[in-house]
Structures are given as structure tokens and as C-alpha cells.
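Enquirer: Can you join these two chains into the complex? Each is in its own frame, and there are hints to help.
If you're matching them up, the sequences are chains F and P in order. Under this note's numbering, the first sequence has 182 at position 182, and the numbering climbs by one with no breaks. If you want this note's numbering, it's the position in the second sequence, counting the first as 1, plus 1000.
Calculated directly from the structure, the hints in this document are not laboratory data. Take these hints with a grain of salt, some might be off.
Said to hold, decoys possible - Listed below are the simulated DSSO-like cross-link pairs for lysine-lysine, each with C-alpha atoms no more than 27 Å apart in a straight line:
| no. | chain 1 | residue 1 | chain 2 | residue 2 |
| --- | --- | --- | --- | --- |
| 1 | P | Lys-1004 | F | Lys-409 |
| 2 | F | Lys-410 | F | Lys-393 |
| 3 | P | Lys-1004 | F | Lys-299 |
| 4 | F | Lys-393 | P | Lys-1004 |
| 5 | F | Lys-192 | F | Lys-226 |
| 6 | F | Lys-409 | F | Lys-299 |
| 7 | F | Lys-149 | F | Lys-226 |
| 8 | F | Lys-156 | F | Lys-226 |
| 9 | P | Lys-1318 | P | Lys-1308 |
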Amino acid sequence: MFIGIDVGGTFTDAVLLDRGMVKATAKVVTRQDLLSSLLEALDSILQGVSPDLIERVVFSTTVITNLIAEKKYDPVGLIIIPGPGLSHAHYRFATQTHIINGAIDYRGREIIPLDLKQVEQAVEELEAAGYNKVAVVGKFSSRNNKHEKEIEKYIKLLHPQWQVELGHTVAGQLNFPRRVVSTMLTCATREKYEFFVRSVFQALEQRGLQAEIYILRADGGTMRLKNSTKAPIETIFSGPAASTLGVQALLPPGETAVVVDIGGTTSDLALLLSGQPLLATRGVCIYNQLTHVRALAVKSVPVGGDTTLSRQQNRIVLLPGRQGPPFCLDGPAPTPTDALRVLGLFHKGDYDKARQAMHMLGAELNLSCTETAVRVVDLVVDTIVQEINEMFKSWEQEPSYRVWEVLQKKKVRPTTVVGVGGGAAGLITQIAARMNCQPVLPPYASVANAIGAAVARPTLRVSLRADTQQGVYTIQEEGFQGKIEDGNFNEEKAIALARTWLQRRAENAGLTSSLGEVEIIRREVFNVVRNWVTCGKIFDIGVQTQRGILHYIGGGGR
Amino acid sequence: MSGKTGLVFFPAFDWAISPTHPEREERLLYTRDTIFEEGVLDLPNIEELAPRLATFHDIARVHFCVPRVQSQVTEAHLIAAGAAMLLGDLIIEGSLRNGFALVRPPGHHAMRVVHGNRGFCNINNEAVLVEYLRRRHGVKRIAIVDSDVHHGDGTQEIFYHDPDVLFISFHQDGRTIYPGTGFTHELGGPLAYARTLNVPLPPGTTDETFLYVVDNLILPVLQDFAPEFIINSAGQDNHYTDPLGSMRFTAQGYAEFTRRLNPHLAVLEGGYAIESALPYVNLAILLALSGHDYSYVREPDYWPGKFKESPERLDQVKRMVDNLLGIWQNRDKADIEKLFGTGKFYQRKKNIYYDTDYIEEEQFEKVRMCPYCPGYIIIESRANRGYGSPNRVFAISVPFQACSCCQAEAADAYEKAKKEGRFDYVYLQDKTTDTYMSYERNKNQEWCSEGPRPEV
Chain F
1 MFIGIDVGGT FTDAVLLDRG MVKATAKVVT RQDLLSSLLE ALDSILQGVS PDLIERVVFS
61 TTVITNLIAE KKYDPVGLII IPGPGLSHAH YRFATQTHII NGAIDYRGRE IIPLDLKQVE
121 QAVEELEAAG YNKVAVVGKF SSRNNKHEKE IEKYIKLLHP QWQVELGHTV AGQLNFPRRV
181 VSTMLTCATR EKYEFFVRSV FQALEQRGLQ AEIYILRADG GTMRLKNSTK APIETIFSGP
241 AASTLGVQAL LPPGETAVVV DIGGTTSDLA LLLSGQPLLA TRGVCIYNQL THVRALAVKS
301 VPVGGDTTLS RQQNRIVLLP GRQGPPFCLD GPAPTPTDAL RVLGLFHKGD YDKARQAMHM
361 LGAELNLSCT ETAVRVVDLV VDTIVQEINE MFKSWEQEPS YRVWEVLQKK KVRPTTVVGV
421 GGGAAGLITQ IAARMNCQPV LPPYASVANA IGAAVARPTL RVSLRADTQQ GVYTIQEEGF
481 QGKIEDGNFN EEKAIALART WLQRRAENAG LTSSLGEVEI IRREVFNVVR NWVTCGKIFD
541 IGVQTQRGIL HYIGGGGR
Chain P
1001 MSGKTGLVFF PAFDWAISPT HPEREERLLY TRDTIFEEGV LDLPNIEELA PRLATFHDIA
1061 RVHFCVPRVQ SQVTEAHLIA AGAAMLLGDL IIEGSLRNGF ALVRPPGHHA MRVVHGNRGF
1121 CNINNEAVLV EYLRRRHGVK RIAIVDSDVH HGDGTQEIFY HDPDVLFISF HQDGRTIYPG
1181 TGFTHELGGP LAYARTLNVP LPPGTTDETF LYVVDNLILP VLQDFAPEFI INSAGQDNHY
1241 TDPLGSMRFT AQGYAEFTRR LNPHLAVLEG GYAIESALPY VNLAILLALS GHDYSYVREP
1301 DYWPGKFKES PERLDQVKRM VDNLLGIWQN RDKADIEKLF GTGKFYQRKK NIYYDTDYIE
1361 EEQFEKVRMC PYCPGYIIIE SRANRGYGSP NRVFAISVPF QACSCCQAEA ADAYEKAKKE
1421 GRFDYVYLQD KTTDTYMSYE RNKNQEWCSE GPRPEV
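Next comes chain P alone, as it looks inside the complex (with noise of 0.2 Å):
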């Protein structure tokens, strides 16, 4: 087992959502000039490497991009996720210890159906890399921890159902922030209870308070769930400077929060705090990872003691963590059918705002209640982008634990769904043959993936 963090660096330095927009050209630069001049690529045991693309097929294992992957993705998108594959690659075969994917653009806002741009994000980094892991390693029980000051609420609705992916996400409020969701009672659906954990932190949250959460809440939780592979989803956006975030986290609290959560894998997200925060928070992450003193790197401004933790805020939140732990601790005692009802299906129905794109989607969700797997899921979507007439999107996911009763009943109701009509896009993931296809009505035409032309 070699004792090395890999280091993906990928600033993106030619490209950008638009010239202003925070996601832009700018946002790694400092952080490459720091990294750089602190001579930390030439430790021996962190290892920077060249990144790879991921292909259309292994965005397809996770996404619905409507109306095909192409449309939805640019380089930069297949770079970032590719990063994090191959980052997963040598972490699974011994061949590094851990890994930071300090890469643009981030994902976890990004659903399983992407009609556009939702909270800077197209490809949900993290997720592409847990299909891959699961079909490439036969990873079974992931974990991703999201420290982003944003919920990460495309990484939750993606996972979901899936029983055998643990996300726990801390945050700042969702009704001071967007997007305006992962409050403690997000569970997680009928057959993966308690598998979402979402930790809204009141506004003005230190270090103190974050770290608290992390002894009292999310190791122990870990512990029981006892994940093969752990991913923080690593937003730097709670720090103390960041303009979209109103939280007082630190360098030095990341840097100690990475060592006790001790990832695999840190794929970085959000953080807009170009200057003041990210080249700071990013050396800091880096050097915890592969193991050395982070207790010299301070932010210019700061000076120990500078944000004092109200008692009030303190006893809120663990509070929180008591009845969170609660839940955790008595999942399997729950009455799934008090809580979600009974039927062949359990369904919910969504409204899906995209503020990048100006985009809203209405969506309606079943899952299939099958007693011996986690069910395949049906969405039927439709995206309304303020001219022409809407998409209207039928989409089915047949997760890859899935009995083969549910692979077929989802193949019919794919067939179903092409013959209707009612549907421009039709769509079928089915994530056991790792085979995915789509359905284009106006051009009468099938697409389908198969996986990628094997590496010459």
C-alpha cells in the first residue's frame, strides 16, 4: 500500500460559465501560484497527476442529459469527472492512499436529469465516480461526506433510493441560501431510510460548532455504516470570506476536518472566495490528506480567537446532532410504511429551479417497493425554458443491485413509453448491463451506449 496523495490539478484555465460569473477562468489561479510556490508538488509523498476524460457512456450511467450527454457536457465537464475517476482508479488499487481532485467545474448540484446549468454545476462529479467505482471495482458501500456551504442536493437526489450510498451533508441553512433544501428531515426514500443525513447550520457557524458536528455526528455514523471508500464533496464556500456564504469556518478548520473525516477522496466543489479563502483552504486540504503540519497555513486576516462561537448557536446545533443520531441509530426500527406509505410504488412529485439557466422543471418520481432490491426509478420530467413548448422527458433507472424482475418490468415500460407518444425524450439506464439508451420521438431515433471502446 503506497503511502501517497494523489493530486489532480485542474484549474480550467480556458474555461469559464461566462467572462464574470464566479465559475470562470480565475477562480484556481491563486490557488495554482500558492501550491506552487510553496514547493508542494515536490513532496515526495504527493504525486500530481495529468488528468483523464471521462466518457459520454460513464456520464450516462448516472445522468439524463436531455436531450443526449453531448448537448449537456463540454470537455472541461468529461476532464473534472475524469479526474475523480482516475484519482478512484489508484485508490482502490493500492497504488495511492487518498487523493484531492482540485477541479473545475464542480457537480454536486446537478440532478439525475440535466436539462442545463442548475448552481454552476452540469455532472455531479461525485456521482459519476460511484457508478464507476461500483461497476470498474465492485465498490459496494460508498459514503460522501459534502462540506460545501451549499446543500448538495443533486448528489442526495441522485442516491436517493440507493441503499448502499451514505450521504450526509452539513450546510448552511437552506432558508438563508440556496438552494433552499437539505433540512434534518430529508431522509432518504422508503427503502434507503436514513441513508440522507443533511445538518443545516444556523448562519455565522465557526470551526467549534462544525467540528463538534463531525466527532459527535458524522464519525460515528461512518463508523457504523463502515463505507469502502469515503468522498468528501469538498465546498470551501462555509469560510469566513466567502462571498456567497455566510458561515466563519477557516483553513485551519477544514485542514482539521479532513484529517478526522480521513476520505479517500476530496473532490473539490464549491467556493467562490478566490483570493481570500481557496488558495489558503486548498493548501490546507492538501497538506492534511498526505499527512503533514497545516498549523502554519493561516489566511492573512486571521488571527486564533478571532470568531467566538455563541452558546446559543452551539446548543441549537447539537441538539440537531442528538435527534439526527436518533434517526440514524433506530433506521432499521422505523415504520418505512407509516412514514412513506404502502403500494406497488412509493412517488413524489418535484419542482427543480435552475438558476444558471433559468430553467423549471416539474418532475414526478416512482419507485418501484420491490421486497428484493432497491427498485428501479421512473421520472417523467418536464422542462420548461420560458419559450417554445416544453421538454417532456421519460426516464427509468435500473440501479445495478437490481433483481431482474425489475430489469424487465423497466425495459416494458421503456417500450411502453417510446409507442405513447406522450414523450420527446424516452430513456433507459439500466445500470446491471451497464447499457443505456434513448429515445429521440420528432427524429424517430434510438441511441444506445454500450460502454466505451476499450483503451488502445
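Only chain F is shown next, with the shape it has when bound in the complex (with noise of 0.2 Å):
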């Protein structure tokens, strides 16, 4: 059997399934205590089972996003090596930040060495400060880390006890910027999370569970607890991860359909394309900054069931925000819930007020309550159908590089709009109507995040770079650099390594069971040409473990 844990800022959601059946389902509230919330939670659900059968825990939570959101965390220092490029003004980042001479090329080849007098006086300085967490990143690092580890070399000789992070761990895609930031977070973060952690594993051991534990990560994929506190800031945004594979595991296979999950304030959409959610194609902005995070493409719309309502000459707009609950049930303004609750839409709150809020709105029109109440619920659908359609349009305007990319581009609309959240039931019919779509409110949509969080397969990614002309390869996400001793590398050689390396991380993490079929998500190969003769390849594949879920929720009692 599987537990889904979803660990939200408000509520923490619980679920127990059992080869896709919904055994038992929890929601309580989320304490400061977090771990009496996860043990009410469990215990509700484990009524009458016994731990053993539990097979596998999967948390999703909030808990790293909102220590960055409330800026909780230690100081960081920053050691950033940007050599020539982009004006060094552009690197003001909000912490004490040393800049050093030395630059690495796009091959990885060292341009300009490291200034070392310049490091000594950087961790002089920042010891003064009081500084003891340090991110050191430098431009192209993930194609050659020379000088990121010596800089940690020199550090760690001075300051053992410090925490020193270095970019072309935390990150190995391109772009200096994010990574710096990434790398900062990752440090920033780490204590913290690993306190976590450990309170999860307390948790679970204080309810006999001997299960595999892991975390949801942004981009809808799993990995052990206890190999996460190597990537704490992966585990940001998972939250929308976990509600949109929820929805994916509801749904037949191999839907294209928009989710909305229609919240207070917001409306979060995300979409399933054939059947596969929408990963972002960039790294996620945390609190405006923007990262290496991988995610999936979610959408936040200022709309939900709380929004005021107002009225400005003679057409009703929404304004931003939330101002309280709806007028029905004594708040201060109308809002959309107040018009569907007139129109039927909606069962709780006062009736009465919910026309007055209608009356406040449309008598100036010279519109009925009922007419008004249309109106407003017209106006939301718009709104967020607009959204809806400029998403599909910029996921078709995606940058391709290659032509087979442009030509195949093709538009895809959806077929089937979902509703999640407490606004969804009354809003979804109309919103899939105006989408010429089918609407779907699935069963146990109030808990589609813990159920994502339970089916989210484990998933891993090899991304492997080759120079033949340097003799040098690296893989990404280990950050490790190695040497091609092989004189006849070639194409295949080179997917043959990226699968070695899948299987070797695959074993580190205790994955081997469930990792199904591995895909090839990247192979380019270009020639390296001088003096008209080709002199070398360089190989960039990408490897990966099947992404998605591990189970459809079938129909079944709880």
C-alpha cells in the first residue's frame, strides 16, 4: 500500500491507496508543530492497517519554499568567478558578494587562471563578516570545475567546519546567473531541510512504519528522503506538482486536458498533454529570483472564488486580492462565490446576501440579481479561459533549435478541462463549455495532491556532455568530469556510458526496482570541423527513467 503526504501551508492531506484504490483519506490542519500534524494525519489513515503493509511514503510540502518566502535561513557568502561577458553590475546579489579573476570557456577550457590573492582576501573578508556558509560559482563550471574546487580546497583548509556549496553541483544546465542563485538557496536551505528530515523519519518511526520514504519534487518526479538533502531546493513547488499528477491519475491514460484548480484567491491551471504533464522548459523564479529548479508548467491567475468584485461606469471588473471571505458569508464585498451562490451554484452562505451582493453591483446596470450574477460568472470564465488559451499559445511558441522541431510543432487544444479546488464545481461546466471540452470534476479532487504525491514514480536523469577533441566528457547532474580513454568513442559508446551512469545513480538512490524503462530525451552529435577536417565530436545526451505515474485510481470505497 501507498501513503501520499501532502504537507501545505494550511492543510496537510493524507491518502492510503492500495493498487490504485482509495483506501482512506485525511485532511487536517497544519500546525507549527509539523510533527503532530504528519502524525494526526498518518493516524487517521492507518486506522485498523498495519504498518507493514505499507510499502512506500511519498511527501510533497511546502516547507523549503516558505522558509525562502519568510527569508528563514542563514546568511550566505558569495564567491562568484564571471570573467569576461556580461557587465560584472549585473551580479548585485543581496549578500556580501566577492568577485574573482579567472575565466573557463565553453569548452571548459581554462581562459584566464584564478586569481588566488583575490580568494584570500574574499574569505578574509567574508570571516570578518561572520560568514561561515559560502556558495562558490563560477561561469561554465558545469563544463569544467577547476576552479570552483580549488577555491573550496583553500576554504576548507582555513575553515573546515564551513559550509561551502559549489555551482557545478547544485546545477549543471547552462546559465551563471541562475546557478548562482540555486547554488545560494542549496546553502541557504540545507540545515534547515536536513532538520526536516529528520522529523519525518522520527514521525514514521514513532508509528512502526519500516516503508521506502520520498519527497515529491517541483518537476513531478520522486527521490529518496534521505538522498534529498543533497538537493533541498528541488523539493520547492511541489505542491503543484502533486495536484497535477493527482489529477493525471484520475483521468483515463493519455488525456490532453487543462487543470484548474480553482482556489480563494487563485487559480492555479496546468496542463496534461497526452496524458504527460507540461514540464516549464526554464528553471522556476523563486521570490523573484530565478533558479534551475525544474518544474512543471504551472500558471498562477489572480482569480478565484474570493476575489472582490467591483464595479467601474458600467462594466463589473476584478480587482486583485483578496479582501475576505464572500458576502454570503459575511464578508465585505461580492465575489464570484456570492454569484454562484445566487445562481445555484454554490450551496452554502446566505442566499439573501448573496443577492444583495449581486444588487450592489448590478442596480446601477439596471441589471436583476440573477442577470448581474451571469455576468460576473461570465467575466471569470473569460478570464481564466483566456489564461488557458495563452498558455496552449506559449507552449506552441517555445524556441526551437533545430528544423524536425519547428515542423513538427503542431496545435494541440485539450479535450477535457478538470476542476480541482473549492471554487472548481461550479465554475468548471461553464469554462469547459466555452472550450468546446468536456468537464471533469474527478472524484476525491479534494485530495488530488496526496494522491499525487503517492503515484509519482521515482525518476532520474543522466545528462551527458562529450569533447572527443578534448578527451573529456562530464555528467551533469554528478557534476563529475572524467576522461575519454576510449580512441573510438562514438554515438553509441556515448549512450552507453549515460545508461552506466543512470544505472550507478540509480543504485545510490535504492531505486533499481522501480525504474522501469529508460528513454533517450537528448542525443545531438556535432562534428568538430577546423581546417575543414573534422578533428573531434562533441556527443550531449540526455538519459532518463520513465516519467509519471505508477497507478490509475480506479473507481473503489474508502
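Expert: Written as C-alpha cells, this is what we have:
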């Protein structure tokens, strides 16, 4: 049996699954003391179930997101090696930052040696300012980590107890400023995250659970909780990933659908394309800082059930933000929920107050209460539908760097609109009608996030970049760089090497059993030609284990 | 008006002329690595856009492809030209301030008649853009400044008789480099005199002289001409490391040029120092276009003051600049009849060599000396591929500003050539109605392109 637990800011949701059947669900308030909320949720779903029957527990959490949002972490000093390129004025990060001379180029060649004198001075100044956490990041460090390692060696010699985080181990993708931020946040949150992980282990131990414990990443994959301390920031924003995977599990396989999660103040949109959730092409933005964290493509629209409505001249408009609950629930101003109440699409709250709210909006426009309510619902539906269309459009407009990619781009439109969240029931039918789609309100929609966590597959990927002219290769995810000894290194060998590394990563993560098929997600070969002679090849190979979910949810009781 | 710089980056990682040809998959690989690693695509005033495809019709508006557009262009060509068109649309509409089509394959050696690939080019991306901007947006006056080390002979040829397109090319002296043209006496046809200006620079010219030409010739001429749209045909092979050129421009020089020219759109042309120049020059140009500080961009083996200009070379260029500026300033006083002769048609013979495809073409070009418009153009072309019998082509182009008389005469000439049986292929390009006809004698078949289908 599988357990999925979503530790949200307000509620902690939990489900117990048995081969695609939902056996129990729980929703408890998330308290300051995380352990007690966890235990309460666990106890609720485990009633009458022996702990040894549990094979797997998966968490999704906003713990790290909140840490970063509230800036509750220790200061991190920054040592960066940007070299030539963008003006160094761009590198004003909100912490003590030292810029060191030195440069590596795009093929990993050292073009300016590291200035160790400057490193020495930087470390002295950081020490004087009381720092003991340092992020060290160089431009193109994922192609050659020599400079980062030299600096680490120097710091560790003087201050063995300092926490030093190196850019190439945190993120292998190109984009130096994002690597700086990702490395800084990793350095900042590691200690707190390790504390969270310990409390989770403690809670599960107290209930005698021997199962494998995983945590959900923002890209919808899972990793072993005990390995996750390597990359704490990958767990942030796993909430939207959880609910999208949950919907995926609740729909028939292979569907192209929009997931609309209508909350109080915002609605989150996500896409399932032929049954697979859409990944954002670049890393996510965390509190105005661009990072390398991969995540599902989720768009937040500032419209929800509690959005304030107002009238401007002869138009009804939505004001961003939330002033309070709906008018029919004793709130201060009319909201879309009031309109739904008048139309009989929402059943809580005071009917007369809802009518009164509509009257406040519509009287001046000579509209009856019902007419006003219809107009409000139209407005909300329009806004959301427009955002959905934009999302499809921007997905279609993703840049492509190859001819075949440009040619195979197709217009895809959903067949299904899936509603989850509090405001979904009243609105989803109309959103679907406007888009010519089937509306779906899945069962267990209120705990879709916990279901998503429970069924998420562990995924691993390996990105190999080999340059035979220079005789070197790197494994992005491991920050590893090695030599190519084989004189006849070719594409097949490059793929085989990438697979070997994936296997090794899987063994380290204890994941060999449930890996499934390995797919090649990228295979690029470039001839390196100098003076009309091919003198080497560059291979860019990506392999990953199957993405997605382990089970679809069938019918079945609680 | 948006302050954004649009970038279409299309490295065509799956397209090459041949595996070891300079125009191959690897060409923009290190540029990609650099712009990605620098994080410039995250800068708030730079917007990356997905390319779109030009249509066959867009190509037929400019070129006479033999036998048909489909046989001369690959999808990569349509994407490169389409990228320039997309950016053109957004700049005219005001949603972008300027743009950079960082695309492959290049196009500035492609002439009006296309029998094959010349100088790595089949389709002239800038020319396709110009005709599109005029058709779609009614833009009239356009300037193209070509900064490639090679003379932009294709672009020059296409607009040689067009008084509304100013074409300025500076490049390494044609006596020392492909395609061997681009001398100061090539100044445009009788109805577009001095709308073509060529600045052949001696090998070894450095940034200093290059920027002298910009400040003392290009910018004043542009100011007089007052174009509605400026295109930079941005070849990067004037760089000191380029294997095909012998010049000494640097990334800083290119950026400075871009800042001063302030073009609406830069379209990538040549540049084959794929490791030592392209990543740096492309980054510098992108930063200059978007108004960012580019002073930190530096090639690994460069230090300020590395190249010193020789005083003789600078003097030589100064004299040339003065001479050209004089021609420009007196363009309306020039005695056209004395320069070009009289008669109903102005005519000239040309030999064109396709270096990539080994085609030798002979052309006979006639321009109707119309008192009311720039006149229609007739081209008789004979292309020898070294095997089989040569292709004989008759092509008529009616400019978008044509008078109704010229339009009617051109239509008659097309019908006559079809009946005559002397030509394998007969074409009529009528830009006033955006209609393009072609006739193939062997099949006795005619095709007509009346415009792309509206987008669904």
C-alpha cells in the first residue's frame, strides 16, 4: 500500500492507496509543530491498517518554499568567477559578494587562471563579517569545475567547519546567474531541510513504518528522502506538481487536458499533453530570483472564488487580491462565490446576502440579481479561458533550435477540463463549455495533491556531454568530469556511458527495482571541424527513467 | 512603444551544406552556449521568440527560383527568412524596439535569379524581409547596411534599380576576396543612382577605420535618406580571427557599430570563426541592441590596443569616404544620360558564378526607363551546370511602385516569351498585385502564386 502526504501551508492532506484504490483520506490543519500534524494525518489514514503493509510513503511539502519566502535562513557569502561577458554590475546579489578573476570557456578550457590572492582576501573578509556558509560559482563551471574546486580546497583548509556549496554540483545546466541563485539557496536551506527530514523519519519511526520514504520534486518525480538533502531546493513548489499528478492519476491515460485548480484568491492552471504533465522549459522563479529548479509548467491566475468584484462605470471588474470571505459568508464585498450562490451553483452561505451582493453590483446597470450573477460568472470564466489559451499559445511558441522541431509543432487543444479546488464545482462546466471540452470533476479532487504524491514515479536523469577533441566528458547531475580513454568513442558508446551512469545513480538512490524503461531524451552530435577536417565530436546525450505515475486510480470505496 | 529587443535564435542544429562545410551544424553551437550561460535571455528587455516559416509565396516575391521555389529552398531557408519576417512584424507593430535574427542559413549572396547555392546562400533573407515589409505594412523607404567581410552582392543586385532601398556595404576589397565585387563605382542603376554605396576596405583594417566609415559616411547618408526601417546584414567575418577574411575587427568594434547604427533589425550573415569570434561578437551585438553594457565582452586572446591602424590605410579610406560622400550629396545633380546612355531600356550583361554549386550563369538584364516609375526589369539568364544543356530562363519583375503602363507591358512580354519557345522557364513577378507566375515549356504547364492562404 502507498501513502501520499501533502504538507501544505494550511492543510496537511493524506491518502492511503491500495493498488489504485483509495482506501482512506485525511485532511488536518497544518500546525507550527510539523510532527504533530504529520502524526495526526498518519493516524487517521492508518486506522486498522498494519504499518508493515505500507510499501512506500511520499511527501510533498512547502517547507522549503516557506523558509525562502520568509527569509528564515542563515546568510550565505558568495564567491563568483564570472570572467568576461555580461557587465559585472549584473551580479549584485543580496549578500556579500566577491568577484574573483579567472575564466573558463564554453568548451571547458581555462582562459584566465584563478587569482588566488583575491580568493584569500575574499575569505578573510567573509570571516570578518561572520559568514560560515559560502556559495562558490564560476561561469561554465559545469564544463570544467577546476576553479570552483580550487576555491573550495582553499576554504576547507582554513575553515574545515564552513559549509561550502559549489555551483557545478547544484546545477549543470547553462545559465550562470541562475546557477548562482540556485547554489545560494541550496547553501541557505540545507540545515533547515535536514531538520525537516529528521522529523519526518522520527514521525514514521514512531508509528512503526518501515516503508521506503520519498519526497516529491517540483518536476513531478520523486527521490528518496534520505538522498534529498543533496538538493533541498528541488522540493520547493512540489505542491502544484502533486495536484497535477493527482489529476493525471484520476483521468484515463493519454488524455490532453487542462487542470484548473480554483482556490480562494488564485487559480492554478496546468496542462496534461497526451497524458503527460507539461514541464516548464526553464527553471522556476523563486521569489523574484530565477533558478535552475525544474518544475511542471503551472500558471497562477489571480482569480478565485473570493476575488473582490467591483463596478467601474458600466462594467463589472475583478480586483486582484482578497479582502475577505464572500459577502454571503459575512465578507466585506461581493465575490464570484456570491454569484455562484445566487445561481444555485454553490450551496453554503446566506442566499439573501448573496442576492444583496449582486444587487450592489448590478442595480446601477439596471440588471437583475440573476443577470448580474450570470455576468460575473461570464467574466470569471472568460478570464480563466483566456489564460488557458495563452498557456497553450506560449507552449506552442517555445523556441526550437532544429528544423524538425519547428516542423513538427502542432496546434494541440485540450479535450477535457478538469476542476479541482473549492471553487471548481460551480465554474468548471462553463469553462469546459466555452472551450468545447468535456468537464470533469474527479472523485477525491479535494485530496488530489496527496494522491499525486502517492503515485509519483521516482525519476532519474543523466545528461552527458562528451568532447572527443579534448578527450573529456561531464555528467551534469553529478558534477563529475572524466577523461575519454577510448579512441573510437562514438554515439553508441556515449549513450552506453550515459546509461551506465544512470544505473549507478539508481543504485546509489536505491531505486533499481521501480525504474522502468530508460528513454533517450536528447541525442545530439556535432562534428568539430577545423580547417575542413573533422577533428572531433561533441555528444550531448540525455537519458532518463520513465516519467509519470505508478497507478491510475480506479473506482473503489474508502 | 515597447523597449524590448526580440531575438530569434535558430542555430539549425540539424542542417548543413555538407559535414565539413563552414556552414554546418556546429556553427552556432558555442554562441548558444555563451548566450545561455550568460543568462542574457533572462534579461527583462530581451525576448526570445520561436521562429516561423516564410511561405513559398514570400520567396517568389523576391526570387526567380529555377525551376521552382520548392527546388531551391529547404525548410531551414524558410525558417531563417521567416524569423526575419516575424521580427519585422513585431517591430513595425511596436511590440519590439528592435531585433536580432540570429539564424542560419545566411542569404546576402543570393541574387534575384536562383539556379543554386552561391556563397552558402540560396535565399536572400534581407530581401525577402524588405518586400514583405512593403507588401504587408506599406513600409516604403528601407536601408540595408551590410557589415559582412564579403560584398553583399546578392542584396545589391536585387535592389540595384530600386530608388527606395538604400544599400550600403562595407567589406574587404573585392580584389582580395570572394565574390570579387563591391567597388566604389557600383552605384545603382539609372533610376536608383547612388542608392547603392560600396566601401571596399583594405585587408587588415581595424575597428578605428571601420568606425570612421560609420561616422563619416554611413550615418550622414542614412540621416539624409531618412529610411523608415534600417536592416543590418550582420556578417561577422570582419573579425580578426575569421578564417575566410583578413580584417581586424573585434567584438567591441561590432558592438560599437551596432550601437551607433541603431538598426531596427540585425540579420546574421556570414562569420565562420565559430569558436574565436561568433560567441563574442553575437553576444556583444545582442547587448548593444538591447542597450546593455558590452564593455566586458572580450575575446580570450584580445587586449585593448592589440591592433594599431596604419596611417596610410586610414588616409586611403578617408579619401574614399570623401569621394563617396560627394557622390551621395550630388546624386540628384548627376547627369544620368551621360552615365547610363539613353533609350527605352537600360541594359547590361552579367556573368555570375555559383561557387558552392559550380554553376556559371550568363545574364542579360534590361530595365525599362520609365518616366513615371522605377520601370520593370527583364532578365534573360542561361545557366551552365557543366552537364546537360544549359537552363534558359526569361524573367520579368514588376516593382511594387510600378505604373499601370509598365505593368501591362510586362504582362505582354511574359505572354510573348511563353509562346516564343526559346526559354525553358518563363517567370512574371508582379509586385503591384503580389502575383507570381511561372511557366515550364517542357511540361507546357503554368503555376501561379497569388498569396499564402490566410492563417487558420
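Enquirer: Would you list, in rising numerical order, the hints stated earlier that this structure does not obey?
Expert: none
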